[in-house]
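Enquirer: The residues making up each chain are set out below.
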Amino acid sequence: MLTGIDYFVVISYLIGMLLLGLYFRKFVHSSTDFFLGGRMLPFWAIGMSIVVSDIGAIDFVGIAGQSYRYGISVGNFDWIGSVPAMLLAAFIFIPCFWKSRLYTIPEYLGRRYNDGVRTIASLTWIVFFAFDLGIIFWASAVLLKSLMGWPHWVSIIATATVVGLYTFCGGLTAVIMTDVVQMIIMFVGGGAVVFLGFFKVGGWSGLVEKISAMGPAYQDHFNLILPVDTKTPFPWTGILFGLTFVMANAYMIGNQAIVQRCFSAKNEWHAKASMIFAAFLKMLIPILVLFPGLIAIVLHPQLEDGDQALPTLISTLLPPGLGGLMFAAFLAGLMSSIDSVLNSTATLWTKDIYEKFIRKGASDKHYLMVGRVATIVLLTIGVITSPVSDLFPGIYVAVQTFLSFFQGPIFSILLLGIFWRRTTQWGGLAGLVGGMMSSGLMYWFKESLFTIEDPFLYVSWWSFVAGFSITIVVSLFTRSHPVSRLYGLVYRLKQPQAEGTA
Amino acid sequence: MDEQNELADKGRTENRMGQINRALGLFICFFSAVVLVSIFLTETFVGKMTNLVAGLIFAVIGIIMVVKSKAKS
Amino acid sequence: MKTILNFEWLKWISDDAAKNIFLVLFVLIGILVWLLPKDYIYEGLENPRWWHNLKLWATGVLAMIFVTYLIF
Chain V
1 MLTGIDYFVV ISYLIGMLLL GLYFRKFVHS STDFFLGGRM LPFWAIGMSI VVSDIGAIDF
61 VGIAGQSYRY GISVGNFDWI GSVPAMLLAA FIFIPCFWKS RLYTIPEYLG RRYNDGVRTI
121 ASLTWIVFFA FDLGIIFWAS AVLLKSLMGW PHWVSIIATA TVVGLYTFCG GLTAVIMTDV
181 VQMIIMFVGG GAVVFLGFFK VGGWSGLVEK ISAMGPAYQD HFNLILPVDT KTPFPWTGIL
241 FGLTFVMANA YMIGNQAIVQ RCFSAKNEWH AKASMIFAAF LKMLIPILVL FPGLIAIVLH
301 PQLEDGDQAL PTLISTLLPP GLGGLMFAAF LAGLMSSIDS VLNSTATLWT KDIYEKFIRK
361 GASDKHYLMV GRVATIVLLT IGVITSPVSD LFPGIYVAVQ TFLSFFQGPI FSILLLGIFW
421 RRTTQWGGLA GLVGGMMSSG LMYWFKESLF TIEDPFLYVS WWSFVAGFSI TIVVSLFTRS
481 HPVSRLYGLV YRLKQPQAEG TA
Chain H
1 MDEQNELADK GRTENRMGQI NRALGLFICF FSAVVLVSIF LTETFVGKMT NLVAGLIFAV
61 IGIIMVVKSK AKS
Chain S
1 MKTILNFEWL KWISDDAAKN IFLVLFVLIG ILVWLLPKDY IYEGLENPRW WHNLKLWATG
61 VLAMIFVTYL IF
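Residue numbers (the working numbering), protein chains in the order written: chain V, 1 to 502; chain H, 1 to 73; chain S, 1 to 72.
These are calculated hints, taken from the structure and not from any lab test. Fair warning: there could be bad hints in the mix.
[Said to hold, decoys possible] Distance windows between CB atoms, simulated:
no., chain 1, residue 1, chain 2, residue 2, range
1, H, Leu56, V, Arg422, 54 to 64 Å
2, S, Leu45, H, Ala8, 30 to 40 Å
3, H, Gly11, V, Glu209, 36 to 46 Å
4, S, Leu23, V, Thr161, 40 to 50 Å
Beta carbons are placed, not taken as given, at the ideal position from N, Cα and C, and that holds for glycine.
Between the sequences and the hints, there should be enough to build the whole structure, so can you do that?
Expert: Listed below in structure tokens is the structure:
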């Protein structure tokens, strides 16, 4: 399917990424350089990196497939499911985190609540990321095999080698800067598919006209707001309460892989600006991932599986050169997801577990070495465990479900921690554990509790409510930290300046 | 003294960003050349134009990054 | 219990009214952004220019999402 020039594009891309990563080694002299890019990065690079880390190779195909089946309501995840949360993060949470000179989100929880909350949060993320790595590898390898006919192990080993080397050598600087290139390639490659697709279907008006004429099954394909009793997993109530109020915030504020990038900003303004710039780019993402699904409805209406929409468009629309570019864009999506997971997990492990419980007070060079070794160990675990996904097909859903257990409760204690100074350490701990247990129970009894098949949006909302309520109740009955301990950890709570220094 | 250190830090950061931008810019320029060459291997007019536009977008971004990097370092 | 958990108590709200809820949310966020103190927005900058005003950036993004939800 690929021509010679396409292979040349792909191989150039892989070698280029490798060389760039190796080049960035010269900027890593300390653990701050490795984990936080030396705290010197500009907003535009961080913003691009946030967006591209969020879109994996599987998302490209999966979202196009969902838009083929359900229409543009899938775009809610990138629009209302991102933008408000990113603004909240940019103006409230990120400045507070950045000023505290944090490495990890659990580190904030440790300072605001106690080490128990920090360790539970950190271990949960580490376990999730470690499992997720193998799943990303395998799902992407399956995708690349169906698209390009590459054997599973070729794509796994090739991407693991390139990503592993540049993440090991260049740390977060390499991760963010290679993400910049990857985003440009994704936008140009994805943009080309959309441009050629629109050319074929007669532009936007042609697309709307043709899909609307296809009958009642397609009547909701151009509606973002779907009724409460919709057959799709996206009723507006789930979108508003589960996605907008909880999952999006938990993702943009509580996800180490996303927020760690903002910690690398060169000053507070750049940290805030990076999130808002990312929100702007996020608004454009559905054009690349959602429109191909709609275009495929017109050009290939008889597809049995919606996930074949994008691969079919690529094979029928793209000229030589751009086919390779699109393949490079898939690899870019895959690599950016993996490098984020690797660097974030190495940071969580080194800062929240190793430095806290295994070896305190070692030299900076030692922690730099631990971070690098953790990167390689994680990558090896990811590669070795990747075939597990093939042996247990339900594991992908299980791991995603595990994350949704955690999202609502973690956001509830972050929100109360930053806005309500009366929140206590025991309130936070009880809210986190109680919220997670409530998620588990809701999933256990989901058949008898929920009417839609996959109620993850509703579970997120109600587990948030549970975590929020438990935290408040327990906080009211326990003693809070002295105010002096909360300076810089609660919004707009500043240490009063000593007399004579004002 | 603090002010001097701050200025030196700022200079180092600018210099580092300059070097990073140059490396990224050169890579994107190389990528643009590859996409532009593939115009000659494309049969349809629309395909040729798409490759041309994509290649030019890469070229513009790459050149801007290289030029900006020179200004910084 | 099922009625509460599945938001069936909000069934009476029409799709158009739901759309208006989303639009009001964007306006509300915009108002909150503009209520932030000016010096807080520029913190970290030595010589702020007009285009450093992140309230303008946020308003731009909110305008884009508002129009998107208004149309669809």
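Enquirer: Can you give the numbers of the hints that this structure goes against, from lowest to highest?
Expert: Violated hints (numbers, rising): 2, 3; every other hint is consistent with the structure.
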